[in-house]
Structures are given as structure tokens and as C-alpha cells.
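Kindly produce the complete structure, drawing on both the sequences and the hints.
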Amino acid sequence: MTDAIRVYPPKPRKVYFYGTCLIDLFYPDAGLAGVQLLEREGIEVVFPQNQTCCGQPAYTSGYHDEARAVAASQLGLFPDDWPIVVPSGSCGGMMRKHYPDLFRGTPQADSANAVAGRVWELTDFLLNVCHIKLDDLGEPTTVALHTSCSARREMGVADVGPRLLDQLKNVTRVEQARPEECCGFGGTFAVRHPEISGAMVTDKVESMITAGAPEFVTTDCGCLMNIAGCAEKAERPLTGQHILSFLWQRVSTPAPGNDDGAQS
Numbered sequence: 004m005t006d007a008i009r010v011y012p013p014k015p016r017k018v019y020f021y022g023t024c025l026i027d028l029f030y031p032d033a034g035l036a037g038v039q040l041l042e043r044e045g046i047e048v049v050f051p052q053n054q055t056c057c058g059q060p061a062y063t064s065g066y067h068d069e070a071r072a073v074a075a076s077q078l079g080l081f082p083d084d085w086p087i088v089v090p091s092g093s094c095g096g097m098m099r100k101h102y103p104d105l106f107r108g109t110p111q112a113d114s115a116n117a118v119a120g121r122v123w124e125l126t127d128f129l130l131n132v133c134h135i136k137l138d139d140l141g142e143p144t145t146v147a148l149h150t151s152c153s154a155r156r157e158m159g160v161a162d163v164g165p166r167l168l169d170q171l172k173n174v175t176r177v178e179q180a181r182p183e184e185c186c187g188f189g190g191t192f193a194v195r196h197p198e199i200s201g202a203m204v205t206d207k208v209e210s211m212i213t214a215g216a217p218e219f220v221t222t223d224c225g226c227l228m229n230i231a232g233c234a235e236k237a238e239r240p241l242t243g244q245h246i247l248s249f250l251w252q253r254v255s256t257p258a259p260g261n262d263d264g265a266q267s
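Going left to right, the sequence shown walks through residues 4 to 267 as this note's numbering numbers them.
No wet-lab data here; the hints were simulated from the structure.
Treat the hints with care, since some could be wrong.
In silico DSSO-like cross-links for lysine-lysine, where the CA-CA straight-line distance does not exceed 27 Å [to be verified]:
id, residue 1, residue 2
1, 136, 14
2, 14, 172
3, 236, 100
4, 172, 136
5, 17, 136
6, 14, 100
Below, the structure written as C-alpha cells:
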């Protein structure tokens, strides 16, 4: 399988939604927003109830046998030939880029390759498969965008977030210094190297504030947790949201005083 040329299919009738651990445990609103945005585009969303971790924490820590055991339980969850949308470049990158290597030479190799070939990062899917058009109903605001390292480098979707945000007429997107730099989370990296991770996220917070952003959005919940947590602990004026939550709020919640379509 190769990503040299990413072929965008026609918009499908159904998709599988892979929710990720962090959305399940900490940011369910982001998962719900992703489902609502897909349904807004006329797509039926199927959520396999037995889904668990994609296996990335074990895999990136060098425990490939353990990662394979976790990942193997995901392979049978998507029996029909529908796209698998993932609201995370990190988990999406694991499934699309690393499952083929993880299962190479095993009885599950064909299944892993088939799953990997159907995985899409959700914002990429909304923009380039659904061709979503966003009518901004919110009040004017200014945001910075952080695209995760996995979304940028593994999934190749660094241009997607800016293109979605730039559709919103009342949103000013500011560019922080060195936007391509890691926020310092890196999954278990933040645990193994807390001092380095802490310095990186502090720099990320300050770069966003310096750019004039009172809030930020990001495509990955790990980055959201790291950046927003650092800002809150340091009492810095910066709040954050997953980009899916932000987009859904902008298109579904009219600004105060906007009575278009209101019923008496």
C-alpha cells in the first residue's frame, strides 16, 4: 500500500467511526461533533461497539507483540467495505501506516492491509471526500491552529485544518511561530521525558498567545490535552478545543441576535 497519490473516492453512503481512547475517556463532545458533521453531509455513521485502543502506545514503546494483540481485536470490527474515519491523525496514522508492518507475515496480514487502506483522518474526509461547505453562524473570534505531528507527517493533512477554518467568515486564523513544531506530547514521550516535553509545550503556548490567539483548535486530543493543560496550569490566557467541536459549534449555533430561521 502506498500514499504517494491519495485517491479521493466519491462520498459514500455509510462510514465506520473509530472513536479513539482519548475521545472516549476525555473528549466525547469531539466524537459527537464528528458524527454530527458526517450526518450533516448525509452519511450514516456506524460505531462498532467493541472497539478499543488501536495499539499505538505499546507499538511506539517497542512492545510490538502486545500492540499486535490489541490491534488484532480491531481488525474484525469493520466487515463491510466502507471508509473508516478516525478523528485523530495519531490513531489514524497507526492504523493506516503501521498496521501493514505490524501484521506482515502473520495470518492477519491481508485483513490489516484491507483495514489500513480504508482509514481516513476525519477532517481530511470531510474536506476532500464530502466537500463540506461551512456556513459560519458564530460570533467573530480569533484562533490558532495546531496540527499534530502524526496528522502532518503520517497522514499528510497539514493543509486541511487551515482550509476548513478559512471557510468560516467570522473566524480569524492567526499563524503562530514554528507551527510545524511538536507540542511535546508524543504519547509516552511526555511521560518518559517530562522536562523536555514541558519545555516544548510551554513554548507552544507562548507562541500562540504571542500570535494574538485567545483560543486554539487542534486535530488531536493528545495535543489538546497537553497544550490546554499547560496553559491552565500556568494561568495563561489560552483555551482550546478539538477542531471538530469548534466546527460543529460554528455551523450549528447562531450568534446572539441572529434570528435567521428562528420560530416564534
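Item to check | Hinted pair residue 17 and residue 136, Cα distance within 27 Å | outcome: Holds. Residue 17 to residue 136 sits at ~19 Å (cutoff 27 Å).
Next on the checklist: Next pair to validate is residue 136 with residue 14; report whether the Cα-Cα distance is within 27 Å.
Outcome noted: Distance ~14 Å between residue 136 and residue 14 Cα, so the pair holds.
Checklist entry - Regarding the pair residue 14 and residue 100, is the alpha-carbon distance no greater than 27 Å? => result holds, 23 Å
Item to check | Hinted pair residue 236 and residue 100, Cα distance within 27 Å | outcome: Judged against 27 Å, a Cα distance of about 35 Å means the pair is violated.
Checklist entry - Does residue 172 lie within 27 Å of residue 14 when you go C-alpha to C-alpha? => result Since the Cα atoms of residue 14 and residue 172 sit roughly 25 Å apart, the hinted pair holds (cutoff 27 Å).
Checklist entry - Quick one, are residue 172 and residue 136 close enough, alpha carbons at most 27 Å? => result holds, 12 Å
The structure shown violates just one earlier hint, number 3.
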